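Enquirer: Spelled out from the first residue to the last, the chains are:
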Amino acid sequence: MYRFLKFGLVLALVALGGSGCSSVGSSAVRTGPLNLPGRSGPVGIYTTTPPPGGRDLGFVEVHAVGDEGVVENLLPVFAQRVADLGGNAAFIERVQAHFRIVNYWQAGYYGSNCWHSRFHCYGTAAYPTSHEVMVISMSGRALTAPNQAIQGGTP
Amino acid sequence: MSRFLSACLPAYLGAVAMTLAAACAGCGSTEVHEVLLRAPQPPTGRDVQVYLGNQAPPAPFYDLALLQAIGQDGDSNLEDVVDALRERGRALGCDAIVRVRVELGYTMAHGYGVCVKWAAPAGKPPAPARLSG
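Sequences listed follow chains A and B, in order. Counting in the working numbering, the first sequence tops out at residue 155, every number present. Counting in the working numbering, the second sequence tops out at residue 1133, every number present.
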């Protein structure tokens, strides 16, 4: 019975680990009086100044941990959240990193000669370890801008 | 035994220290990520200028790409991260990297910047990139 339980637990952990959970998370908060329905269409990307004539729709934040926290992954999600707020222009105000030290127990196998015998002893040991993780956050604003502003480019 | 130790220990410790130093000389890496907003251009051959945070560049510009550099271990410092941004900017034909921001951790460093090209005085920059919403 115990062996079945143990097997089930290991299987559940493997399934959880292998399920490909993504660390990419996002938020989009509507601000101001303008309330547009979500749209599906192109979103202009503005990195240094907002588009001329653009009107604020809300605040957008996208974040990810470790290897997933790269601009190639974050920008498409950012643009999607801008479109969800009804925007056609994304103004990226900030891309920044936060660092955290994560402490955890790590299991390791060991094998050695047993004391005063010719037998080998094998076992599992857990030892405390720590690891630095980096959380990358991209934040900015969703705007609706006249079409010619989107075509015009940034100064 | 003690004579052996006193004779050999310094040499042994020196060898260990040299091995460690040699091994750690290259203990760092920097990876650069980018999103192209407009088509890259041939390198200009000029030095790529760097403008931190809200520091204003001296001329009008338009953006070519978002750049991100992540330095690990020996490269987790301001210098290596900014150099990596600058190198990538040079390869993409940028004149400057603006809005540069660097955060330092214990074993990692993160840098971000926008690779830009000076705009022609009377010219209109190409249309910005669009991503499907």
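Honestly, the hints are just simulated from the structure, not real lab data. Be a bit skeptical, because a hint or two may be false.
Said to hold, decoys possible - Here's a subset of chain B near chain A, in silico, CB distances under 10 Å, partners left out:
id, residue
1, C1027
2, E1031
3, E1034
4, V1082
5, E1103
6, Y1112
Said to hold, decoys possible - These stretches of chain B come out as covered by chain A in the derived footprint (C-beta under 8 Å, 3 or more residues):
id, stretch
7, 1065-1079
8, 1091-1101
All values derive from a computational prediction rather than experimental measurement. Each residue gets a CB set at the ideal place from its N, CA and C atoms; glycine is no exception.
Enquirer: Give a verdict on every hint.
Expert: So, going through the hints one by one against the coordinates:
1. C1027: 15 Å, violated
2. E1031: 8 Å, holds
3. E1034: With a minimum Cβ separation of about 7 Å from chain A (threshold 10 Å), the hint on E1034 of chain B holds.
4. V1082: 14 Å, violated
5. E1103: Given a least distance of 4 Å, the restraint on E1103 of chain B holds.
6. Y1112: 4 Å, holds
7. 1065-1079: Holds: 4 residues of the stretch 1065-1079 of chain B have a Cβ under 8 Å from chain A.
8. 1091-1101: holds (count 3)
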